[in-house]
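Sequences and hints are given; from them, build the entire structure.
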Amino acid sequence: MTIAAIRRNAPLWISIGAGVALWEIAGRMSSAAFMVPFSETLVRLWQLITRGEFIAQFFDSAELFLTGFVLALMVGAPLGMLLARVRALRVGIEPYLMTLYATPMVALIPFILSLMGFGFAPKVLVVFLFSVFPVLYNTVEGARSIKPEMIEVAKSFRSSEWSLWREVMLPYTLPYLMTGVRQAIGRALVGMIAAEFFLSSTGLGQLIMGASQDFDTGGVFASIFVIGLIGVGLTRLGLKIEQHFARWRQ
Amino acid sequence: MSQAAIATPAPAVRKVPVLMRGALVPRLITGLSILLVWEIVVRAFAPAYVAKPSTVLLAIPTVITDPAFLQALGATVAAVAEGLAITIVAGTAIGLLMGRSTTVDRMIRVYINGFNAMPMIIVLPLFSLWFGYSGAARIGTIIFAAIFAITMNVADGARSVPREYLEVARSFRSGRWRMLIDIVLPSSMPYLLAGFRLAAGRALIGAVVAEFFLSIGGLGYYILYNSRAYHHNEAFVGVLLLAAFGVSFELLVNWCTRRFMPWYRRDEKTS
Numbered sequence: 001m002t003i004a005a006i007r008r009n010a011p012l013w014i015s016i017g018a019g020v021a022l023w024e025i026a027g028r029m030s031s032a033a034f035m036v037p038f039s040e041t042l043v044r045l046w047q048l049i050t051r052g053e054f055i056a057q058f059f060d061s062a063e064l065f066l067t068g069f070v071l072a073l074m075v076g077a078p079l080g081m082l083l084a085r086v087r088a089l090r091v092g093i094e095p096y097l098m099t100l101y102a103t104p105m106v107a108l109i110p111f112i113l114s115l116m117g118f119g120f121a122p123k124v125l126v127v128f129l130f131s132v133f134p135v136l137y138n139t140v141e142g143a144r145s146i147k148p149e150m151i152e153v154a155k156s157f158r159s160s161e162w163s164l165w166r167e168v169m170l171p172y173t174l175p176y177l178m179t180g181v182r183q184a185i186g187r188a189l190v191g192m193i194a195a196e197f198f199l200s201s202t203g204l205g206q207l208i209m210g211a212s213q214d215f216d217t218g219g220v221f222a223s224i225f226v227i228g229l230i231g232v233g234l235t236r237l238g239l240k241i242e243q244h245f246a247r248w249r250q
Numbered sequence: 001m002s003q004a005a006i007a008t009p010a011p012a013v014r015k016v017p018v019l020m021r022g023a024l025v026p027r028l029i030t031g032l033s034i035l036l037v038w039e040i041v042v043r044a045f046a047p048a049y050v051a052k053p054s055t056v057l058l059a060i061p062t063v064i065t066d067p068a069f070l071q072a073l074g075a076t077v078a079a080v081a082e083g084l085a086i087t088i089v090a091g092t093a094i095g096l097l098m099g100r101s102t103t104v105d106r107m108i109r110v111y112i113n114g115f116n117a118m119p120m121i122i123v124l125p126l127f128s129l130w131f132g133y134s135g136a137a138r139i140g141t142i143i144f145a146a147i148f149a150i151t152m153n154v155a156d157g158a159r160s161v162p163r164e165y166l167e168v169a170r171s172f173r174s175g176r177w178r179m180l181i182d183i184v185l186p187s188s189m190p191y192l193l194a195g196f197r198l199a200a201g202r203a204l205i206g207a208v209v210a211e212f213f214l215s216i217g218g219l220g221y222y223i224l225y226n227s228r229a230y231h232h233n234e235a236f237v238g239v240l241l242l243a244a245f246g247v248s249f250e251l252l253v254n255w256c257t258r259r260f261m262p263w264y265r266r267d268e269k270t271s
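Here the protein sequences come in this chain order: Y and G. In this text, residue positions in the first sequence follow the numbering used here: the first is 1, and each later residue adds one. In this text, residue positions in the second sequence follow the numbering used here: the first is 1, and each later residue adds one.
These aren't lab readings, by the way, just hints derived from the structure by calculation. Be aware that one or more of the hints could be misleading.
Just some of the chain Y residues that point at chain G, by a computed CB distance under 8 Å [claimed, not checked]:
1. Thr50
2. Ile93
3. Val106
4. Pro110
5. Phe111
6. Ser159
7. Ser160
8. Leu189
9. Thr217
10. Val220
If you want the footprint, here are the derived chain G segments under chain Y, 3+ residues with CB under 8 Å [unchecked claim]:
11. 84–93
12. 100–111
13. 127–134
14. 217–230
In this text, a Cβ means the ideal position worked out from N, Cα and C, and glycines have one as well.
In structure tokens form, the structure reads like this:
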């Protein structure tokens, strides 16, 4: 690492160090039921990992997240493009899409619970519902911003419907779709935890719930810490994906 | 002579019925067909208690006159309003500091980003330990869910204040504090509004999730309770109301931006 890089990253590391120190001190000063110092959180986390509990729960959650998210992408992206191309359909559906995008989907969880019970499918549905609308909404938004002239030029060069899609629609909407993907990653994560809290308790959600019910504050902190790190990692990934595809947006 | 040509009337303006010109008709048709499909599917395949448009419609008058519902509505609205008020004040203050001071920004950026990336509802078990199963835990969740969106947006806004504004203010010997209030804050208003839109949506989710989790009175708990009692129609009225809140926040922000900040152009709308 060069000196310049060290100097550039120094404030970040100092800030992280100060935060950890603050956590440690606050944890030591307050009662163990209230807050647990950083060191104990790590110890507790290590216990959870070595007991194998954590790994199993992690893969449970990952399976749920991926299934719901991929489904949302598979439905949201093509449907969004279709809406973009067929104007009559888009004009008709747009306000409802906006409504659903702005509706807090958590409110549907009790209905899903009483209709579909406690299996895997209802939880996938929750993750799907949380993440499909950002994808759909942004894809439509992107397609709406395609200049009509571009399609007219393509048409006047007698391009076929297929090549119109491949050469104009797809490249143009892709950056917007990726904005949707970034938003959807965050929402899918919330959906995953919500599903694990309120439907059948599994995965990382169950890890927290269990710890909280046992008044195991260390376990709660350890789970929140890990889920927070996963959230940061996924958000970064989403930003990277978005930036990668945003290059030809301008 | 070409008299006839002159007499020829100008090509008639294509007459489009008023209703067809706008988007109203396709929208109405889509809306009605969605409702129709929903009604038919539920009638054909689902048990009788499942919400369908006709029964939800019938349930609306009884629900909105039900004191229990009004109380639940009031509790949630009050909590969201209180949480958002705290969020706006605190979030804006922190955001302004972050945007205008590199030291503060370097100190707390990693935490703001980190907390913002967390799925907000994981703090619920912790808050229930800290605050008990009470309204305080709900307010805490609302604030935690909403504040980082505002802070990040205001910080972005404060950072993007045109340099000339600040230079002019400085050459008129304006103090730091005055500059923050009179120049930086108004200039980052559009960002604040964009942050508010995000924050309001998250605050609603936070309130509903907190009520599910903590079983405290409110719209979320009303939905949970009624759907458990197989009163799906009544519960669905609650969902409709939540959707209405979500949409009206969205519309309110759009309207405010257009009405009070005509100088600010939303990025994609310029073409």
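Is the interface hint for Ser160 (chain Y) satisfied, with its Cβ closer than 8 Å to some Cβ of chain G?
-> violated (27 Å)
Are three or more residues of the region 84–93 of chain G within 8 Å, CB to CB, of chain Y?
-> Three-residue rule not met by the region 84–93 of chain G, so violated; n is 0.
Residues of the region 100–111 of chain G with Cβ under 8 Å from chain Y, three needed, outcome | With 6 residues close enough to chain Y, the hint holds.
If you take the shortest Cβ to Cβ gap from Val106 (chain Y) to chain G, is it below 8 Å?
-> holds (5 Å)
Are there three or more residues in the region 127–134 of chain G whose C-beta lies closer than 8 Å to some C-beta of chain Y?
-> Contact hint for the region 127–134 of chain G vs chain Y: holds, 3 residues under 8 Å.
Would the hint on Thr217 (chain Y) stand, with a C-beta cut-off of 8 Å toward chain G?
-> The hint holds - Thr217 (chain Y) has a Cβ within 8 Å of chain G, the shortest such distance being about 7 Å.
Taking 8 Å as the limit, does the beta-carbon of Thr50 (chain Y) come near enough to a beta-carbon in chain G?
-> Result: violated, 23 Å to nearest chain G Cβ.
If you take the shortest Cβ to Cβ gap from Pro110 (chain Y) to chain G, is it below 8 Å?
-> holds (4 Å)
Given as covered by chain Y, does the region 217–230 of chain G meet the bar of three residues or more with CB within less than 8 Å?
-> Per the Cβ count (6), the hint holds.
Using Cβ atoms only, decide whether Ile93 (chain Y) comes closer than 8 Å to chain G, and label the hint accordingly.
-> Holds: closest Cβ of chain G sits about 6 Å from Ile93 (chain Y), inside 8 Å.
For the hint on Leu189 (chain Y), does the least C-beta distance to chain G fall short of 8 Å?
-> Result: holds, 4 Å to nearest chain G Cβ.
Going by Cβ atoms only, is Val220 (chain Y) closer than 8 Å to chain G?
-> Where the cut-off is 8 Å and the nearest Cβ of chain G is about 5 Å from Val220 (chain Y), the hint holds.
In this structure, the hints that do not hold are numbers 1, 6, 7, 11, in rising order.
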